[in-house]
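If you read the protein sequences in the order shown, they are chains A and B. Mind the numbering: the first sequence is residues 1 to 209 in UniProt numbering, read in order. Mind the numbering: the second sequence is residues 1 to 241 in UniProt numbering, read in order.
Treat the hints as calculated values from the structure; they're not laboratory data. Possibly wrong hints are sitting among the right ones.
From chain B, some residues computed to sit far from chain A (all C-beta separations above 10 Å) [to be verified]: (1) GLU9; (2) ALA65; (3) THR127; (4) ASP193; (5) ASP223; (6) LYS226.
Selected chain B positions facing chain A (Cβ under 8 Å, derived; list incomplete) [to be verified]: (7) GLY85; (8) SER98; (9) TYR102; (10) GLY107; (11) GLU108; (12) ASP147.
Ideal placement from N, C-alpha and C gives every residue a C-beta, glycine not left out.
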Amino acid sequence: HLSMANPMSYNGGCVMAMKGRNCVAIASDLRFGVQMQTISMEFDKVQQMGPRLFVGFPGLATDTQTVFQRMQFRKNLYELRENKSVRPQTLMNMISNLLYERRFGPYFVEPVVAGLDPISLEPYVATMDLIGCPMEPEDFVVSGTCTEQMFGMCETLWQPDMSPDELFECISQAMLNAFDRDAASGWGCHVYLIERDQVTVRALKARMD
Amino acid sequence: LPFATAMSERYGFSLTTFSPSGKLVQIEYALKAVEAGAPSVGIKATNGVVLAVEKKFSSALIDAASLHRIEAVTSHCGLVYSGLGPDFRVVLQDARRSAVAYQLAYGEAIPPEQLVQRVAALMQEFTQSGGVRPFGISVLLAGWDRDTNRPMLFQSDPSGTYFAWKSTALGKNHVNGKTFLEKRYNEELELEDAVHTAILTLKESFEGQMTEDNIEVGICKQDGFKKLSPSEIKDYLAGIQ
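One chain only, chain A, in its complex shape (with noise of 0.2 Å):
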């Protein structure tokens, strides 16, 4: 038995977000494992956040789920006191300074926002690291443990203005053959298409190792 090595590589798993024209997606591998032995392949480490805002959380499982409840908490209350559903780069700033509150003994997660504005509709996708430093670029966003196979594979393959259909082959073939080389992750994947009226759901037929 391993002592605990990197808390971010410790349980697996990866996510990913692209834009397209006038929609979004975001993917999740499905493995939950501790070090080499996986525990589950149903563990979506994607949570939806507002009717067109999703959010990622990979990295140390304890943490996703503290950090995503945490973040629950907080949104809920901005929502309520505001009397409006979030923007997507404000949920961002939010989630970056709750983990920026924790500098000098971080969450050891990196997550990844994707969504649409609730009223201009314009495509949003955003990481982070553990501290919370933002970055919200125009095309796409990785994080996990194999972020280097999925900057290999979306540098390849993403392509400004993609429509829906377009958007979704490329992030689930990205998705797929990033994860596939690692170890870590992997074992499904579900894949999000985030569009002005609605949202489409899909489970990968991958590679169950």
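Following the hints, put chain B in place on chain A, whose structure we already have.
Using the frame of chain A, we list chain B on its own:
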């Protein structure tokens, strides 16, 4: 409590207590203090909000330019008051702190309605905390709401009640002021006319000659809040007298 004084450390109980008839007399008296204060006016136009207030002193020796009755809370929100000046400084400081704390927490400017809720919450706190008295001011908050892209005008009372206005007057002669506004106000008013009307409303209760040095005017538009300079006020006054 951010402004705890020696008094509130010694008093665990609130000084604002209910009368047998169910009133909080300290709040009633605070409202009297507001009513005795210098007249202020707020008017919401289609493309902005105007705040105006009388600035008269007992002595001509006072350097009027050094005192501000209308103050910016953020680049997009302004505040004016009627009542006790020193109490306004405390409320203003708290409002500014609230606004920047919001910016830090959410990465965006505080919406006017959220700001007035925080101001009102502070005012309510001072009606139910140990050893403190209610604020002797009512404030008018002018702001631009970015979500709905509209101007907003709010009032907050010593009790902590807040409400939105199309136009209103506070302080001395506020009853006549509101009557005047009821006649002159309409929903299609534009900012230029609203400034004009605000100055006229102040004029109703003004003793003596109104100049650019004895009134203050602030306007809030989509691009932000600013106070009119004395020369700008002078131009408006020229259009009236």
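Going down the list of hints, with the structure as the test:
1. Here GLU9(B) stays apart from chain A, with its beta-carbon at least about 29 Å from theirs, past the 10 Å limit.
2. Distance check for ALA65(B) against chain A: the nearest CB is about 38 Å away, which clears 10 Å, and the non-interface claim stands.
3. No beta-carbon of chain A comes within 10 Å of the beta-carbon of THR127(B); the shortest separation is about 21 Å.
4. Look at ASP193(B): its CB is around 30 Å from the nearest CB on chain A, clear of 10 Å, so calling it non-interface holds up.
5. Here ASP223(B) stays apart from chain A, with its beta-carbon at least about 20 Å from theirs, past the 10 Å limit.
6. Non-interface call for LYS226(B) relative to chain A: holds, since the shortest CB-CB distance, roughly 26 Å, exceeds 10 Å.
7. Of the supplied interface hints, the one on GLY85(B) is violated, with its beta-carbon coming no nearer than about 31 Å to a beta-carbon of chain A, more than 8 Å.
8. Given the 8 Å rule on beta carbons, the hint for SER98(B) is violated: about 13 Å separates it from the nearest Cβ of chain A.
9. Because the smallest distance between the Cβ of TYR102(B) and any Cβ of chain A comes to about 10 Å, over 8 Å, the interface hint for this residue is violated.
10. Annotation: interface hint on GLY107(B) holds; nearest CB of chain A at approximately 4 Å, less than 8 Å.
11. Annotation: GLU108(B) was flagged as interfacial toward chain A, and the flag holds, the nearest CB pair being 6 Å apart, inside 8 Å.
12. Taking 8 Å as the C-beta contact cut-off toward chain A, the hint placing ASP147(B) at the interface holds, the least distance being around 7 Å.
When held up to the earlier numbered hints, the structure conflicts with 7, 8 and 9 and fits the remainder.
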